[in-house]
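Chemist: Each residue of the sequence shown is one higher than the last, beginning at 189 in this note's numbering.
Mixed in with the good hints, there may be bad ones.
[Claimed, not checked] Computed list of lysine-lysine pairs in DSBU-like fashion (alpha-carbon distance at most 30 Å, straight line):
| no. | residue 1 | residue 2 |
| --- | --- | --- |
| 1 | Lys348 | Lys258 |
| 2 | Lys276 | Lys311 |
| 3 | Lys316 | Lys258 |
| 4 | Lys308 | Lys244 |
| 5 | Lys316 | Lys341 |
| 6 | Lys341 | Lys256 |
[Stated by the list, open to error] Label pairs and their calculated CB-CB ranges:
| no. | residue 1 | residue 2 | range |
| --- | --- | --- | --- |
| 7 | Met211 | Thr240 | 52 to 60 Å |
| 8 | Ile237 | Gly213 | 44 to 52 Å |
| 9 | Asp236 | Thr324 | 24 to 32 Å |
Just so you know, the hints here were simulated from the structure itself, not pulled from any lab data. As the structure is a prediction and not an experimental result, all values here were calculated from the model. Glycine included, every Cβ here is placed at the ideal spot set by N, Cα and C.
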Amino acid sequence: MNKRASLSLSINAIVILVLAITMLGLGLAFTKGMFGKLSSKLSVPEPDIPATADDKIVLPSEELVITKNKEFIFSVNVYNDDFTGPVKGELTCPQQGTAAAIPPNTVISGPQDIPPGEDKGFKFIVAKDVVTQSSTRVCTLSFKGETAGEESKQIVVSIK
Numbered sequence: 189m190n191k192r193a194s195l196s197l198s199i200n201a202i203v204i205l206v207l208a209i210t211m212l213g214l215g216l217a218f219t220k221g222m223f224g225k226l227s228s229k230l231s232v233p234e235p236d237i238p239a240t241a242d243d244k245i246v247l248p249s250e251e252l253v254i255t256k257n258k259e260f261i262f263s264v265n266v267y268n269d270d271f272t273g274p275v276k277g278e279l280t281c282p283q284q285g286t287a288a289a290i291p292p293n294t295v296i297s298g299p300q301d302i303p304p305g306e307d308k309g310f311k312f313i314v315a316k317d318v319v320t321q322s323s324t325r326v327c328t329l330s331f332k333g334e335t336a337g338e339e340s341k342q343i344v345v346s347i348k
């Protein structure tokens, strides 16, 4: 009779252990899922640093880190010192080897009027199908007025 009780206790202990591990796994999966959803909804706004006559093109960072096969949006503030007409921005990267990091004429902002002596923000979208190869390049961010004025700035673009 004593031997049966010890066997019964052993089976009960194994069942409780399996249930505890299962519950722990479910709890961890639920917590990970909830934090994953929360972090995707949480975004940190880019700092709004105004462009000035001394620093005509301002980005939140001098390096853009783009994840390949994923859409990337960035903003740039531009100061109007000598632009006339609507101003249009473009990001160009040099060709290296057989393919460019970002093909020409693919990252262009919509034209905007900037009053003289003021700055405006431009948004750029790098489509997910544009960046398919990992590389790091020095690219040029340039802005042109429709009839006159041109400013450019070199930035580092890392595609990972």
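Chemist: Each hint should be assessed against the structure and marked as holding or not.
Modeler: Against the structure, the hints come out as follows:
1. The hinted pair formed by lysine 348 and lysine 258 meets the criterion: a straight-line CA distance of about 10 Å does not exceed 30 Å.
2. Proximity of lysine 276 to lysine 311 is assessed by CA-CA distance (about 11 Å); at most 30 Å being required, the pair is judged to hold.
3. With a CA separation close to 4 Å, the supplied pair lysine 316 and lysine 258 stays within the 30 Å bound.
4. Among the hinted pairs, lysine 308 with lysine 244 is consistent with the structure: their alpha-carbon atoms are about 10 Å apart, no more than 30 Å.
5. For the hint pairing lysine 316 with lysine 341, the CA-to-CA distance comes to about 24 Å; that is within 30 Å, so the pair holds.
6. For the hint pairing lysine 341 with lysine 256, the CA-to-CA distance comes to about 23 Å; that is within 30 Å, so the pair holds.
7. Taken as a hint, the range 52 to 60 Å holds for the pair methionine 211 and threonine 240, whose Cβ atoms sit roughly 59 Å apart.
8. The beta-carbon spacing between isoleucine 237 and glycine 213, approximately 46 Å, falls within the hinted interval of 44 to 52 Å.
9. Restraint check, aspartate 236 to threonine 324: a C-beta distance of roughly 27 Å satisfies the suggested window 24 to 32 Å.
Hint violations for this structure: none, all hints satisfied.
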